[in-house]
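Participant: Protein chains in written order, with my numbering: chain A, -15 to 203; chain B, -15 to 203.
It is possible that part of the hints are untrue.
Identical copies go unnamed one by one, so any copy, or any two together, can satisfy a pair.
What the hints assert, rightly or not - Here are the simulated DSSO-like cross-link-like pairs (lysine-lysine), alpha carbons at most 30 angstroms apart as the crow flies:
1) Lys34 <-> Lys(-8)
2) Lys18 <-> Lys(-8)
3) Lys(-8) <-> Lys39
4) Lys39 <-> Lys6
What the hints contain is simulated information worked out from the structure, not anything from laboratory work.
Owing to the predicted nature of the structure, the values given are computational and were not obtained by experimental measurement.
Number of protein chains: 2
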Amino acid sequence: MSGRAATKDLVLDAAEALFSAKGVDGVSLRTLTKEAGVNLAAVHYHFGSKEEVVKAVFARRIRPMNRERLAMLDALEGSGRPEVEEIVTALVAPALRLAGDSPDRQRFMRLCARLYSEPAEYLQQLYVDEFSQVIDRFERVFRSALPSLSRAEVRRRMHFVVGLLVHTMLNSAPVRRWTSGACDPADAESTLAAIVSFAAAGMRAPVPDPPDGVRAAVT
Amino acid sequence: MSGRAATKDLVLDAAEALFSAKGVDGVSLRTLTKEAGVNLAAVHYHFGSKEEVVKAVFARRIRPMNRERLAMLDALEGSGRPEVEEIVTALVAPALRLAGDSPDRQRFMRLCARLYSEPAEYLQQLYVDEFSQVIDRFERVFRSALPSLSRAEVRRRMHFVVGLLVHTMLNSAPVRRWTSGACDPADAESTLAAIVSFAAAGMRAPVPDPPDGVRAAVT
DNA sequence: GAATGATTCAAACGTCTGTTTGAATCTTAC
DNA sequence: GTAAGATTCAAACAGACGTTTGAATCATTC
Chain A
-15 MSGRAATKDL
-5 VLDAAEALFS
5 AKGVDGVSLR
15 TLTKEAGVNL
25 AAVHYHFGSK
35 EEVVKAVFAR
45 RIRPMNRERL
55 AMLDALEGSG
65 RPEVEEIVTA
75 LVAPALRLAG
85 DSPDRQRFMR
95 LCARLYSEPA
105 EYLQQLYVDE
115 FSQVIDRFER
125 VFRSALPSLS
135 RAEVRRRMHF
145 VVGLLVHTML
155 NSAPVRRWTS
165 GACDPADAES
175 TLAAIVSFAA
185 AGMRAPVPDP
195 PDGVRAAVT
Chain B
-15 MSGRAATKDL
-5 VLDAAEALFS
5 AKGVDGVSLR
15 TLTKEAGVNL
25 AAVHYHFGSK
35 EEVVKAVFAR
45 RIRPMNRERL
55 AMLDALEGSG
65 RPEVEEIVTA
75 LVAPALRLAG
85 DSPDRQRFMR
95 LCARLYSEPA
105 EYLQQLYVDE
115 FSQVIDRFER
125 VFRSALPSLS
135 RAEVRRRMHF
145 VVGLLVHTML
155 NSAPVRRWTS
165 GACDPADAES
175 TLAAIVSFAA
185 AGMRAPVPDP
195 PDGVRAAVT
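Go ahead and model the full structure; you've got the sequences and the hints to work with.
Facilitator: Below you can see the structure in the form of structure tokens.
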């Protein structure tokens, strides 16, 4: 048992590191298995195909992250009506914090963020499978904290929050460069505070008027 | 002259469409040249390598976009001190609007957005080359509109705005799906208004307190 | 300790990749 | 109309890719 699990985990660990550095398409199975110290054919023996390896790599990290998000929401709703800042924190903090130590976290951040930008279809499907439930839940909580926003507007703004989160996780190097080191995304707590302040203000922003006369009929 | 230019543009047009649909790594030169209706070797005759094709595809669209951004800033600064909403509009609108007609625009949006997420190093370099000047300029204008923010905080928040913009451009399908069609990123004006309202509020958000006692010494 | 099933291994498969070649075909200028 | 240069073309190059194979090795059970 320990032998089998070891090989699988060796592959997943190496894949996580390499994928987050060079992208899924940028890593061949030969590079991957050499880095992992396993035989090339082990990938197909244990996973069946490269595609399955990719899905396993993403799922292994995303599931605990989303579980923590939902757990934070549960805790919030258990004690009264949550503030917008708290809901944003429940959405953002698990993504920034979960991986633990610093080099690992950076890897993990880039890995998760890359899921949004990989064009492959099977990853789009994985995205839907893993996130639909979380998105639905956050929509409901956000709506109760922001009753003046329509469902569609809440979802659109949630998408904005996810977007800035993903972009922050994926492009930490440019941020460090632009700010001359003053803002380091690897500093999870400071980044979290900055995102929460920005995103909560954005979620609370007034709904813009429609450009033409449509609004008159609604209001 | 017309013959040469036609082949180059055929390649660039096909590359833009295919790259934005499948990513740079997902498109082979054989697929590309077949789609463009030109000979496989024409790519190396006119561009020298696939890498140069990619750079040309991005540069062809990004340069006019950034020129328009700077022109909008010029116009704003010519008539008094610009509002945060106006600066955000100058940053976002050219990205959403420039491409013109609807299917083309969507392609272009995805193409530009993908530049941020492609891991290849030569694209990171292209990114620095094309955007550094624009970023510097926006930072100065934002700072004069938001004097209470530090340089680093302004840059960090600009990064948030770019992040949500890119994410919106890249993932229009999920937004349409989540909002049941109510928010379509292909509707540039409505998307622009939503982003400006959200992002301006975020830019104006209060600076969060540092977690430890550092702030006491500063204030 | 022999037999059975799980796992590893080196080697090869066919296919696709970006690139190069050298001859054929156009375009242009005198 | 012919020479010179620009452009296209089919064909081939060497290497990398994901995958498959079948024998060799390991672990486990009786």
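Participant: Would you mind marking each hint as holding or not holding in the structure?
Facilitator: The hints, checked one at a time:
1. Proximity of lysine 34 to lysine -8 under the C-alpha cut-off of 30 angstroms is restricted to the intra-copy arrangement: shortest distance 13 angstroms within a copy versus 36 angstroms between copies.
2. Only within a single protomer do lysine 18 and lysine -8 lie at most 30 angstroms apart by alpha-carbon distance; the minimum there is 14 angstroms, versus 40 angstroms between protomers.
3. Taking the shortest Cα distances, lysine -8 and lysine 39 sit within 30 angstroms of each other inside one copy (13 angstroms), while across copies they are farther apart (38 angstroms).
4. Proximity of lysine 39 and lysine 6 under a CA criterion of 30 angstroms is satisfied in both settings, with 16 angstroms inside one chain copy and 18 angstroms between copies.
In the structure shown, no violation is registered for any of the earlier numbered hints.
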